[in-house]
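Engineer: Just so you know, full-length UniProt numbering puts 37 at position 37 of the sequence shown, and the rest follows in order with no gaps.
These are calculated hints, taken from the structure and not from any lab test.
Some hints could be false.
[Said to hold, decoys possible] Computed list of lysine to aspartate or glutamate pairs in EDC-like fashion (alpha-carbon distance at most 16 Å, straight line):
id	residue 1	residue 2
1	Lys178	Asp223
2	Lys225	Glu213
3	Lys159	Glu259
4	Lys82	Glu35
5	Lys178	Glu214
6	Lys159	Glu261
7	Lys39	Glu59
8	Lys73	Glu41
9	Lys73	Asp102
Given the structure is predicted, the values throughout are model-derived calculations rather than measurements.
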Amino acid sequence: MFKQKSYDKLYTGGTLYLVPTPIGNLQDMTFRSVETLKKVEYIASEDTRNTQKLLNHFEINTPQISFHDHNYKERIPELLVKLQHGESIAQVSDAGMPSISDPGHELVVAAIAQGIPVVPLPGATAGVTALVASGLPADRFSFYGFLKRKKNEQQTELKNLLNQVETQIFYESPHRVKATVANFIEVFGPDRQVVLCRELTKLHEEFLRGTAEEVYQYLADHDVKGECCLLLEGATQVVTDEESWQEWSVSEHLTYMIEQEGLTSKDAIKQVAKLRKVPKQEVYMIYHQ
1 MFKQKSYDKL YTGGTLYLVP TPIGNLQDMT FRSVETLKKV EYIASEDTRN
51 TQKLLNHFEI NTPQISFHDH NYKERIPELL VKLQHGESIA QVSDAGMPSI
101 SDPGHELVVA AIAQGIPVVP LPGATAGVTA LVASGLPADR FSFYGFLKRK
151 KNEQQTELKN LLNQVETQIF YESPHRVKAT VANFIEVFGP DRQVVLCREL
201 TKLHEEFLRG TAEEVYQYLA DHDVKGECCL LLEGATQVVT DEESWQEWSV
251 SEHLTYMIEQ EGLTSKDAIK QVAKLRKVPK QEVYMIYHQ
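Can you build the whole structure from these sequences, using the hints too?
Structural biologist: Below you can see the structure in the form of structure tokens.
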């Protein structure tokens, strides 16, 4: 076991700082973050052009090194050498906390493996910022990030969350948010509470609160812009027995039979059709939508 001590006087290498950046409003940058970016030897940036705007605003002249999803395998050995030679590095993403749906995790793991101190700075993160103003319970929550894009794959992910009682947090593109809410309705039903947050901390910050059906109807009539954060109410009643299936949608019933009862999809379709007294072909079509 390696126990990190930031004050270890025997260590002569550099430090990896994880520095949050504003998610929209530059005034959310902390004094400590600005000071850290000024004092390190390098800044590892997800997008150097985007980060340069931030550096210019705060008159920070530290050189940048690009570090993103497409080059991290080549960059990590280079950054480790610099850290081992006593040069400190601040890692930043385009907005918010590094590693939260952004690059950074692999560098942190590599630094820890080499005994290099990793120092996180607190700061803005979109998911928690949206959560505390959503009106949904914030004492227990799960951050899921971006869902898969294809409908079937996304519904499969969502079905795994069917009985989660905590508030769920998702990130979504404005171009796909309507389809995602439609999948919420398909999997969780139309009455689950949903909150759509967009343009957090910016001039046009907006919260849209309502049932999944109400939010979907709004999105059907309006175009939304800006990165979106979707929050989903947790299950108010966890289904633990088969007697409650009358309250489920066909999709929910199938999910329970497959995941909780361990049936194959073929047997689950047959059993659900039998219990509901509907044609098997109808259940089959819903399963394969």
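Engineer: Please go over all the hints and tell whether each is borne out by the structure.
Structural biologist: Structure-based check of all given hints:
1. Lys178 x Asp223: holds, 9 Å
2. Lys225 x Glu213: violated, 20 Å
3. Lys159 x Glu259: Since the Cα atoms of Lys159 and Glu259 sit roughly 9 Å apart, the hinted pair holds (cutoff 16 Å).
4. Lys82 x Glu35: Distance ~20 Å between Lys82 and Glu35 Cα, so the pair is violated.
5. Lys178 x Glu214: The hint holds at about 11 Å.
6. Lys159 x Glu261: Status holds; Cα separation ~14 Å.
7. Lys39 x Glu59: With a Cα-Cα distance of about 12 Å, the restraint between Lys39 and Glu59 holds, given a limit of 16 Å.
8. Lys73 x Glu41: violated, 21 Å
9. Lys73 x Asp102: Between Lys73 and Asp102 the Cα gap is close to 15 Å, so the pair holds against 16 Å.
Comparing the model with each earlier hint shows violations of hints 2, 4, 8; every other hint is respected.
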